[in-house]
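Throw the hints in and build the complete structure from the sequences for me.
Top line first, the protein sequences correspond to chains P and A.
Quick note on numbering: the first sequence equals residues 43 to 351 in this note's numbering.
Quick note on numbering: the second sequence equals residues 5 to 264 in this note's numbering.
Hints were generated in silico from the structure; no laboratory data involved.
Some chain A residues close to chain P (C-beta under 8 Å, calculated; not the full set): (1) 82; (2) 87; (3) 94; (4) 107; (5) 110; (6) 112; (7) 114; (8) 117; (9) 135.
Okay, derived cross-link-like pairs now, SDA-like style, lysine to any residue, Cα gap no bigger than 25 Å in a straight line: (10) 267(P) / 106(P); (11) 156(A) / 343(P); (12) 84(A) / 137(P); (13) 101(A) / 244(P); (14) 141(A) / 231(P); (15) 178(P) / 199(P); (16) 116(A) / 247(P); (17) 101(A) / 340(P); (18) 72(P) / 241(P); (19) 27(A) / 257(A); (20) 72(P) / 95(A); (21) 141(A) / 115(A); (22) 116(A) / 128(P); (23) 27(A) / 96(A); (24) 156(A) / 196(A); (25) 156(A) / 137(A); (26) 218(P) / 115(A); (27) 218(P) / 167(A); (28) 84(A) / 66(A); (29) 84(A) / 75(P); (30) 156(A) / 226(P); (31) 101(A) / 75(P); (32) 116(A) / 106(A); (33) 84(A) / 128(P); (34) 72(P) / 157(A); (35) 156(A) / 294(P); (36) 141(A) / 222(P); (37) 197(A) / 143(A); (38) 218(P) / 161(A); (39) 267(P) / 164(P); (40) 218(P) / 232(P).
Glycine is no exception: its CB is placed at the ideal position from the N, C-alpha and C atoms.
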Amino acid sequence: MGFFIETLIGGLMAGMLYSLVALGFVLIFKASGVFNFAQGAMVLFAALAMARFSAWIPEWLGIDSRLLANGIAFILSAALMCVVAWLIERLVLRHLVNQDGATLLMATLGIAYVLEGIGSSIFGSDIYRIDVGMPKEPVMILEGSIEGGLLINKEDFVAALVAALLVGTLWLFFQKTSTGRALRAVADDHQAAQSIGIPLNRIWVIVWCVAGLVALVAGIIWGSKLGVQFSLATVALRGLPVVILGGLTSIPGAIIGGLIIGVGEKLSEVYLGPLIGGGIEIWFAYQLALVFLLFRPQGLFGEKIIDRV
Amino acid sequence: MGREFGEVILDLQSVSLAFGGVKALTDISFNVREHEIRAIIGPNGAGKSSMLNVINGVYRPQQGEIILRGQHFTRMNPYKAARAGISRTFQNIALFKGMSVIDNLMTGRNLKIRSNLLQQAFWWGPARREELAHRAKVEEVIDFLEIQHIRKTPVGRLPYGLQKRVDLGRALAMEPSILLLDEPMAGMNVEEKQDMCRFILDVNDQFGTTIVLIEHDMGVVMDVSDRVVVLDYGRKIGDGVPDEVRANPEVVSAYLGASH
Ligand SMILES: Nc1ncnc2c1ncn2[C@@H]1O[C@H](COP(=O)(O)OP(=O)(O)O)[C@@H](O)[C@H]1O
Ligand SMILES: [Mg+2]
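Take a look at the structure:
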């Protein structure tokens with residue numbers, strides 16, 4: 043029983059990160075109607091920026107404190123992601139208003155390549171470390187109430203907590219501020235939103251900024267775990283099955299979808315692995331997504347996709 | 005009716021609009037005076053909705069000009085139109101379906117919001133006070149339209165007639181100087197129509213809002229409007245006070261010829 047709960051918690055914690063990345067996809071899809079293939083490149087770019095800034099800042103400013111250097115690096119990286127968002131709106135989105143989905147999709151592929159190129163030429167293409175002082179050692183909890191206690195990976199726990207906090211904060215922002223309301227309005231109906239005086243361009247910049255921020259946090263978490271390297275761009279593709287499962291248009295869908303996939307991966311690895319061979323964790327999410335594509339393409343919570351007439 | 009109206013506030017000059025080979029509007033000119041209720045009528049497919057869409061820049065005409073308070077626009081867009089004080093409702097209700105009635109109305113206040121993103125994000129005092137002030141304004145609109153009981157309901161769950169009313173509410177929350185209404189009474193029962201008529205007249209009367217109204221129900225049109233434009237197959241075939249239009253033989257035959 044203790045082991046099952048451990049696996050479950052491990053899955054939930056991993057899933058929270060998937061939710062975070064999936065949220066990036068959903069936000070952009072809702073606001074600008076495009077599936078953003080550059081999400082992975084954004085994670086990589088943001089992680090590169092964070093890794094390099096945190097190494098450069100002690101040199102530039104002569105700061106000794108790790109915490110302060112990381113703090114400044116985070117703010118710089120976040121600002122950089124907003125500049126990127128602004129440029130994407132200026133140079134790409136603005137010129138593609140009312141184009142069909144395929145054109146926009148290609149455009150985001152283009153953005154991905156440009157980001158990867160610029161990222162490696164500014165920040166270099168070695169493997170870098172991000173050290174934000176994540177605790178590495180596992181910890182035993184609930185020894186009193188469950189026999190044998192529960193062994194929890196502290197790093198995963200902190201990561202999940204941060205992801206959950208960010209998701210919660212974003213949710214508050216969307217629900218409680220007038221800009222958040224405008225974002226929801228644009229997501230619901232572009233035409234009507236414009237007609238009541240909501241500027242689409244500004245909303246796009248904001249949404250891409252938020253997606254950039256999400257990418258930064260995901261990049262830091264994964265980067266400190268796996269090192270900052272090219273493969274980080276593909277880790278974000280783990281968000282893909284999540285949005286297929288949860289539905290591209292649903293924020294709760296992204297969150298719940300991420301948790302389901304996180305838990306599914308871990309449980310199937312542990313309990314099905316011995317039966318049909320290991321490595322299930324790698325393909326589980328994609329298989330589940332495939333099933334959904336076949337039988338429920340709009341996902342658990344998404345709206346039925348109907349072509350506009 | 006003998007009511008006095010102000011100056012021409014909105015002037016359309018030789019507007020032509022085509023979709024591929026389909027001519028939706030051909031060389032249409034007419035004007036709207038301040039404070040009047042101006043109706044656009046005509047059989048289905050006559051180009052009425054296209055006309056409204058041109059006025060607030062959803063469609064861009066191939067030819068013609070829009071003159072709004074003396075300012076010339078060849079390329080209007082919905083955002084510019086909103087800033088210039090034009091608000092509208094849509095023939096196929098375009099509310100934000102996932103949001104509550106009050107949130108839908110609050111979006112109508114968007115142009116009037118002064119606080120910036122950061123101030124809102126930190127729930128800064130002035131931003132919060134501003135939010136409350138807009139909220140009070142929206143409550144006035146809610147009272148005016150008598151929809152207090154549904155203020156928290158997601159609009160997607162409301163019956164059609166009430167959605168139409170909320171659509172009007174969102175447009176009113178903008179405090180527009182010109183209000184464009186695309187068939188606000190379509191699909192309503194008699195009682196709902198009477199309510200809607202009353203709201204339209206009250207808006208015009210109490211706030212002095214200029215109204216451009218598309219409506220199918222001839223009885224309603226003749227009752228509420230000050231002047232009427234008649235379209236048929238994208239052309240203007242009549243223009244004048246209701247009695248003139250009623251007496252216009254071309255209008256009569258267009259309406260007798262069409263299925264009404
Ligand atoms: N977005 C559009 N694309 C193509 N054709 C359109 C579009 N909007 C309107 N039309 C055409 O323009 C003509 C006028 O339509 P519309 O303005 O909706 O008429 P009404 O509102 O008077 O019923 C119709 O023939 C219609 O098919
Ligand atoms: Mg119409």
